[in-house]
Amino acid sequence: MQILLMLGVALVLENAALLVFGPEPQRVRSALAQATIWLGPVFVDVARLITFGVAIVLTLLLSAFLFRTDLGRSIRAAADNPYGALVIGTDVRRVYAVAFGIGAACVGAAGALVAPLVPFQPSTGLQLSVASFNIVIIGGMGSLVGAFVGGLLVSVAESLGAVFLKPSLKELVSFSLLVLILLLRPAGLFGRRAA
Amino acid sequence: MRWLAAALVAVLLALPAFPSVFGSYAVTVFTLIFFYGFLGQAWNVVGGYAGQLSAGHAAFLGVGAYTAALLSAEAGVTPWLGMFAGGALAAVLGAVVGFLGFRFGLRGFYFVLLTVALSEICRIIAANTEAVGGALGYYITFTGNPRQFQFQDTRAYYYIALALMVAATGLVAWLERRRFGVYLAAIRDDEAACEAAGVDTFRYKMLAMLLSSFLTGVGGTFYAFYLFSLQPNTVFGVPLSVEIIIRPIVGGAGTVLGPVVGSFILSPLAELSRHYFAQGGWHGAHLIVYGALLVTVVLFLPEGAYPRLARALRRRAAPTA
Numbered sequence: 001m002q003i004l005l006m007l008g009v010a011l012v013l014e015n016a017a018l019l020v021f022g023p024e025p026q027r028v029r030s031a032l033a034q035a036t037i038w039l040g041p042v043f044v045d046v047a048r049l050i051t052f053g054v055a056i057v058l059t060l061l062l063s064a065f066l067f068r069t070d071l072g073r074s075i076r077a078a079a080d081n082p083y084g085a086l087v088i089g090t091d092v093r094r095v096y097a098v099a100f101g102i103g104a105a106c107v108g109a110a111g112a113l114v115a116p117l118v119p120f121q122p123s124t125g126l127q128l129s130v131a132s133f134n135i136v137i138i139g140g141m142g143s144l145v146g147a148f149v150g151g152l153l154v155s156v157a158e159s160l161g162a163v164f165l166k167p168s169l170k171e172l173v174s175f176s177l178l179v180l181i182l183l184l185r186p187a188g189l190f191g192r193r194a195a
Numbered sequence: 001m002r003w004l005a006a007a008l009v010a011v012l013l014a015l016p017a018f019p020s021v022f023g024s025y026a027v028t029v030f031t032l033i034f035f036y037g038f039l040g041q042a043w044n045v046v047g048g049y050a051g052q053l054s055a056g057h058a059a060f061l062g063v064g065a066y067t068a069a070l071l072s073a074e075a076g077v078t079p080w081l082g083m084f085a086g087g088a089l090a091a092v093l094g095a096v097v098g099f100l101g102f103r104f105g106l107r108g109f110y111f112v113l114l115t116v117a118l119s120e121i122c123r124i125i126a127a128n129t130e131a132v133g134g135a136l137g138y139y140i141t142f143t144g145n146p147r148q149f150q151f152q153d154t155r156a157y158y159y160i161a162l163a164l165m166v167a168a169t170g171l172v173a174w175l176e177r178r179r180f181g182v183y184l185a186a187i188r189d190d191e192a193a194c195e196a197a198g199v200d201t202f203r204y205k206m207l208a209m210l211l212s213s214f215l216t217g218v219g220g221t222f223y224a225f226y227l228f229s230l231q232p233n234t235v236f237g238v239p240l241s242v243e244i245i246i247r248p249i250v251g252g253a254g255t256v257l258g259p260v261v262g263s264f265i266l267s268p269l270a271e272l273s274r275h276y277f278a279q280g281g282w283h284g285a286h287l288i289v290y291g292a293l294l295v296t297v298v299l300f301l302p303e304g305a306y307p308r309l310a311r312a313l314r315r316r317a318a319p320t321a
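Chains as they are written, first to last, in my numbering: chain A, 1 to 195; chain B, 1 to 321.
Hints in this document: simulated from the structure, not taken from any laboratory.
Everything numeric in this text was worked out from a predicted model, so none of it was measured.
Idealized CB from N, CA, C, for every residue including glycine.
Hints are not guaranteed to be accurate.
Said to hold, decoys possible - Short, incomplete list of chain B residues facing chain A, as computed with Cβ under 7 Å:
hint	residue
1	L100
2	A117
3	I121
4	I124
5	N128
6	G291
7	A292
8	L294
What the hints assert, rightly or not - Just the calculated beta-carbon pair ranges, DEER-fashion:
hint	chain 1	residue 1	chain 2	residue 2	range
9	B	T78	A	G111	47 to 55 Å
10	A	L165	B	T234	21 to 29 Å
11	B	F142	A	Q34	50 to 58 Å
12	B	V77	A	T36	52 to 60 Å
13	B	F142	A	E24	27 to 35 Å
14	A	T36	B	H283	35 to 43 Å
Using the sequences and the hints given, assemble the complete structure.
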């Protein structure tokens, strides 16, 4: 039932954004978004480079938090075995709330980072939710490395699909990849537990 | 309980007579109540009884709608048969999602997103296939020929929608008392225990999915030939999936009358609010209301309106009985 709650919240947010900002794609125009530099033989947007760097730093910070701090260990314990975590004195409800907050903050940061790169509109949230679902399943549920590698794999596959097929068909490529992974390796590339 | 049953029977008996009394707008509203009641009932099988929350039922409706419309326009197959072809194709799609989701243990949140991803994929394919009208949509020419599921008199749609809803509700009421219905409820309440007791949970979840997607696909025919236009963004869109699931959830998921009660509560409200909001140019405002309603129901009335209503009536009836 929590999922329905989240669906409800998503509906309110998306359509409130639709009312306030309209359905037209928005763009962030800044001097940074236009800047480019040569990295050896490759021509790179500075904004993309910054986004890439910050994403890596955030991922490293997140993994340090999950593996090196007590709160991070509690989160992994509660995910692994809620009853076990409860038995050894973890406040599972609090841990869930904190994990949700951190997850939401990370996604918020991702939104801010991607805003200068691609036009966005209220329905972008849904597209990115589906994309992140693909990534998590492909990489392996509950695996940080999996999410990272899955993210690279999905975005490269989608970019290739956009070039070789049709830009509007790129989601089809990642979905086919998802189906393939589910059939061949249901736990995902880096998932530990077999489903 | 006897009161409630008597009242329901009275209402049911009176429903077929309504169109001759009411104006055409009321007939439209009632047609929508019945149709969404039917779709909610179809969702109820897998989402309510088996507890596998699908948020992509629009995909099944869309596949059924496109199948029947194309068969009718391109191959001359009457939609009266096409609706079963559409239902069958939707069931194939349901089997694919069910297999991927249930076989590989995509539970809860992951299953919801899998169903959403599926309807998104259907939307993208339909929008990129010129043969079915592409992103502009597919339009059905109105001939008014009843053989082609087209009626001059809108009251015909009223009776068809009523028949769909009553048939689906009857089917669910029958299934609920069978082993099948009990297994589904057991899977929803404690899947691990159910499996430990020797139930092939995968099989029953698949059967629930097949039945639910078939019924929704059949509903697609009604959708196509009631509206005469199919837009990929609408037919395969998340808002339509939300329309399908919100009625049984508000009315009471996993109960026979929940989807019907939910549709009687919500469909008129949806129709009025859409009308009102559209006049103010507030498109999508009714989805804000739906979202807030979902949150409220999950927090304060998780069992839905119907069980609460039934208990209240029983309590009132008890002292006199």
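Okay, the hints, checked on the actual structure:
1. L100: 5 Å, holds
2. A117: Status holds, d = 5 Å.
3. I121: Hint holds; I121(B) Cβ to chain A Cβ min 5 Å, cut 7 Å.
4. I124: Check passed: Cβ of I124(B) comes within 6 Å of chain A, closer than 7 Å.
5. N128: 6 Å, holds
6. G291: Holds. Min distance 3 Å.
7. A292: 6 Å, holds
8. L294: Holds: closest Cβ of chain A sits about 3 Å from L294(B), inside 7 Å.
9. T78(B) <-> G111(A): 47 to 55 Å: 50 Å, holds
10. L165(A) <-> T234(B): 21 to 29 Å: For L165(A) and T234(B) the Cβ distance comes to about 24 Å; the hint holds.
11. F142(B) <-> Q34(A): 50 to 58 Å: 52 Å, holds
12. V77(B) <-> T36(A): 52 to 60 Å: 57 Å, holds
13. F142(B) <-> E24(A): 27 to 35 Å: 34 Å, holds
14. T36(A) <-> H283(B): 35 to 43 Å: 39 Å, holds
Violation of the numbered hints given earlier is absent; every hint is satisfied by the structure.
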